[in-house]
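*Asks:* One-letter residues, chain by chain:
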Amino acid sequence: MSKVIIIDDEPLARSIVLEYMQEHKELEIVAECNDGFQGVKAIIQHKPDLIFLDIQMPKINGFEMLELLDHTPSVIFTTAFDEYAIKAFETNAIDYLLKPFSKERFDLAIEKWKLKYANNDPEKNLQTLLENTPKQPDEKNRIVVKNGSDIRIVPVQDVMYIEAYDDYVKLFTKDTYYLKKKTMNYYEEVLDSTKFFRTHRSFIINLQELTRIEPLEKNTYVALLKNGKKIPLSRTGYAKLKETLGV
Amino acid sequence: MYFVWWIFWAFVQLIVLHRLGLNWEISLIDASISSALLAFFCFDAVAIFYYYQPGKNNRAYRFIFALGITILFCISTKWALTYLLPSNQEYLQFLEKSMPVRFIFALLIISFVTLLNWMWNNIQDQKEKEKRQNDAEQLAKEAELARLRQQLQPHFLFNSLNSISALAGSKPNEARKMIQQLSDFLRGTLKKDDQQTVSLKEELEHLKLYLEIEKVRFGHRLNVKVDFDSTDLTTKIPPLLMQPIVENAIKFGLYDTTDEITIEILSYVKDNCLCVQVKNPFDAETQSANHGTGFGLSSIQRRLFLLYARNDLMITEKKDGQFITTLKIPQIKN
Numbered sequence: 000m001s002k003v004i005i006i007d008d009e010p011l012a013r014s015i016v017l018e019y020m021q022e023h024k025e026l027e028i029v030a031e032c033n034d035g036f037q038g039v040k041a042i043i044q045h046k047p048d049l050i051f052l053d054i055q056m057p058k059i060n061g062f063e064m065l066e067l068l069d070h071t072p073s074v075i076f077t078t079a080f081d082e083y084a085i086k087a088f089e090t091n092a093i094d095y096l097l098k099p100f101s102k103e104r105f106d107l108a109i110e111k112w113k114l115k116y117a118n119n120d121p122e123k124n125l126q127t128l129l130e131n132t133p134k135q136p137d138e139k140n141r142i143v144v145k146n147g148s149d150i151r152i153v154p155v156q157d158v159m160y161i162e163a164y165d166d167y168v169k170l171f172t173k174d175t176y177y178l179k180k181k182t183m184n185y186y187e188e189v190l191d192s193t194k195f196f197r198t199h200r201s202f203i204i205n206l207q208e209l210t211r212i213e214p215l216e217k218n219t220y221v222a223l224l225k226n227g228k229k230i231p232l233s234r235t236g237y238a239k240l241k242e243t244l245g246v
Numbered sequence: 000m001y002f003v004w005w006i007f008w009a010f011v012q013l014i015v016l017h018r019l020g021l022n023w024e025i026s027l028i029d030a031s032i033s034s035a036l037l038a039f040f041c042f043d044a045v046a047i048f049y050y051y052q053p054g055k056n057n058r059a060y061r062f063i064f065a066l067g068i069t070i071l072f073c074i075s076t077k078w079a080l081t082y083l084l085p086s087n088q089e090y091l092q093f094l095e096k097s098m099p100v101r102f103i104f105a106l107l108i109i110s111f112v113t114l115l116n117w118m119w120n121n122i123q124d125q126k127e128k129e130k131r132q133n134d135a136e137q138l139a140k141e142a143e144l145a146r147l148r149q150q151l152q153p154h155f156l157f158n159s160l161n162s163i164s165a166l167a168g169s170k171p172n173e174a175r176k177m178i179q180q181l182s183d184f185l186r187g188t189l190k191k192d193d194q195q196t197v198s199l200k201e202e203l204e205h206l207k208l209y210l211e212i213e214k215v216r217f218g219h220r221l222n223v224k225v226d227f228d229s230t231d232l233t234t235k236i237p238p239l240l241m242q243p244i245v246e247n248a249i250k251f252g253l254y255d256t257t258d259e260i261t262i263e264i265l266s267y268v269k270d271n272c273l274c275v276q277v278k279n280p281f282d283a284e285t286q287s288a289n290h291g292t293g294f295g296l297s298s299i300q301r302r303l304f305l306l307y308a309r310n311d312l313m314i315t316e317k318k319d320g321q322f323i324t325t326l327k328i329p330q331i332k333n
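Order-wise, the sequence lines are chains A and B.
Per numbering that gives the first Met the number 0, the very first residue in the first sequence carries number 0; after that it's consecutive.
Per numbering that gives the first Met the number 0, the very first residue in the second sequence carries number 0; after that it's consecutive.
If you are wondering where the hints come from, they were derived from the structure by calculation, not from laboratory data.
Glycine included, C-beta positions come from ideal geometry on N, C-alpha and C.
Do not rely on the hints blindly, as some may be mistaken.
Derived DEER-like restraints, expressed as beta-carbon distance ranges [stated by the list, open to error]:
1. R175/B x K194/A: 47 to 55 Å
2. V225/B x Q126/A: 53 to 61 Å
3. H219/B x Q126/A: 34 to 42 Å
4. Q300/B x L215/A: 45 to 53 Å
5. K241/A x N121/B: 57 to 65 Å
6. Q126/A x L160/B: 48 to 56 Å
7. S182/B x E89/A: 45 to 53 Å
8. V225/B x K40/A: 34 to 42 Å
Heads up, simulated DSS-like pairs for lysine-lysine below, C-alpha to C-alpha not over 27 Å straight-line [claimed, not checked]:
9. K102/A x K46/A
10. K24/A x K128/B
11. K58/A x K176/B
12. K58/A x K214/B
13. K224/B x K139/A
14. K102/A x K176/B
15. K207/B x K278/B
16. K102/A x K214/B
17. K58/A x K224/B
Partner residues are not named here, just some residues of chain A that face chain B (Cβ under 7 Å, in silico) [claimed, not checked]:
18. P10
19. A12
20. D34
21. F80
22. M159
Generate coordinates for the entire structure from the input sequences, incorporating the hints supplied.
*Replies:* Here is the structure:
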């Protein structure tokens, strides 16, 4: 018996998945969720084998929800219309159902999942998908983070700097920091390059927080932030930063 | 007009020639023949330019052309007059002597006619160009209005179809009803023309269809309060201005919180404008991260500008956890 969770904010959209599932006796629906917050909780609690996930949902979208999970189950996306996401799906080996979808198409998705599920783990595919999906307009301005069971939406302008931390990054805000399983390259790519600057292999700073560039030793410099924190500047970082600031 | 002009010229020439000592008969023959020929050649010049317009790069052609016509005129005048008055030696001598003057005079007249013709043509071209430009602008404006009006949110359409698909299995009657509503709504979106206004009542019915569909999609999470009691429902307004604002309110209201929401829509009259206010709850935390008005509202802003040439007809504000969009539709009194 495999465990399944349906996450969609529209009740009728969930009910059609329920209806199509009735024939698949080997699958058991353990939870139905209205939004990403409930989704995260249910996934942690039930550890499902497969989830059906809508993309456009209240507060946080489907991709943002997946980013909050430490271990991701197999995902079949269900979406009405999302040109960016669909392009990403097509280039990654993950199935998606375009609403409205037929019973035949649904069954095919289940078959495909069973074949894949039998011989590899879904996590790797999903990570590539998340890295490669173009950000939706809303998503560029916020970062969704999780601290224990507390889910927060952090506006990007509140992030003071980002520091690399093994497989994670630490996002520092005024009062605290959040861990996120992403790469420095990812944030360098996604964040607005006129507002955020990569000073060093392991650091990205919010340019609004920068007050001074101070010499440390001969030919080495640090960036001083408003809160007094000193951020290392690499040699190329220093040259580029001067160029960006026009000094 | 052209004819009268030349009679006048013939008369002037007659007087001049008589003053120069020719008798009336000869003066009359000379004046009428040369004027008639000049009139003929000028007419020719205009006629030829009517069929052939030298391009901008060969303006000199016009002058060469005028010169040619003048030479033709002089030759034919001399020939005709010599033919008509062969016996009068004194006159023939006069004719011979006066040829240079006649030549210069004719050249001036013909050049002047060519110049006038050229100017007139230029003005015509200019007018035509302006008209074409106006037409093109008008067409572009209409096309833009049509496009903005019919900007259907594909999300709405596909999700509605998905809801219908879900209902078809369990509640076929409700599915049928929703298909009906969706069809009526789409028809309403497609048939409307910006140039024609519709009554507020008609718009309100269209809006209600939309709200019914959205309620089926979102179930109990969506509540709507509509209050149009204080306005005259026969008021005329441009079509499809309210619906995108409500759509935007629902989208932001529903995607901003995970709770049940209530959208309020009300109308009133102020400063000779029909005002429609749409309120939706929003979450300050999410909103601070999501600035921007979204496509729905910017397209309404653009339409209002195209319709009324004003940018102050839509106002958005945030108050007590509510996002309020106010639409002002100026009422033109008959």
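*Asks:* It remains to establish, for every hint, whether it holds in the given structure.
*Replies:* Tested hints:
Roughly 52 Å separates the CB atoms of R175/B and K194/A, a value that falls within the hinted 47 to 55 Å. At about 47 Å, the beta-carbon gap between V225/B and Q126/A misses the expected band of 53 to 61 Å. Taking 34 to 42 Å as the suggested C-beta distance range, the pair H219/B and Q126/A conforms, at roughly 37 Å. The hint said 45 to 53 Å for the Cβ distance between Q300/B and L215/A, and at roughly 51 Å that hint holds.
The supplied range of 57 to 65 Å is met by K241/A and N121/B, whose beta-carbon atoms lie about 58 Å from each other. Hint check: Q126/A to L160/B, Cβ distance near 32 Å, so the stated range 48 to 56 Å is violated. A beta carbon spacing of about 32 Å between S182/B and E89/A contradicts the range 45 to 53 Å that was offered as a hint. The hint said 34 to 42 Å for the Cβ distance between V225/B and K40/A, and at roughly 36 Å that hint holds.
For the suggested pair K102/A and K46/A, the alpha carbons sit about 26 Å apart, so the restraint of at most 27 Å is met. Pair hint K24/A plus K128/B does not hold up; C-alpha atoms about 73 Å apart against a cutoff of 27 Å. Proximity of K58/A to K176/B is assessed by CA-CA distance (about 31 Å); at most 27 Å being required, the pair is judged violated. A threshold of 27 Å between alpha carbons decides the hint, and for K58/A with K214/B the separation of about 19 Å falls inside it, so the pair holds.
Distance check on the hinted pair: K224/B and K139/A sit about 34 Å apart at the alpha-carbon level, beyond 27 Å; violated. Among the hinted pairs, K102/A with K176/B is consistent with the structure: their alpha-carbon atoms are about 22 Å apart, no more than 27 Å. Pair hint K207/B plus K278/B holds up; C-alpha atoms about 16 Å apart against a cutoff of 27 Å. A threshold of 27 Å between alpha carbons decides the hint, and for K102/A with K214/B the separation of about 25 Å falls inside it, so the pair holds.
Note on K58/A and K224/B: the hinted pairing holds, with a Cα-Cα distance of about 23 Å set against a maximum of 27 Å. Nearest Cβ of chain B to the Cβ of P10/A: about 5 Å, under the 7 Å cut. The hint holds. Hint on A12/A holds. Least Cβ distance to chain B is approximately 6 Å, under the 7 Å limit. With 7 Å as the threshold, the beta carbon of D34/A comes within range of chain B, its nearest partner Cβ sitting at about 5 Å, so the hint holds.
Restraint check, F80/A versus chain B: the minimum CB separation of about 4 Å is within 7 Å; hint holds. Interface hint at M159/A: violated, since its Cβ lies 16 Å from the closest Cβ of chain B, which is beyond the 7 Å cut-off.
In this structure, the earlier hints numbered 2, 6, 7, 10, 11, 13, 22 are contradicted, and the remaining ones agree with it.
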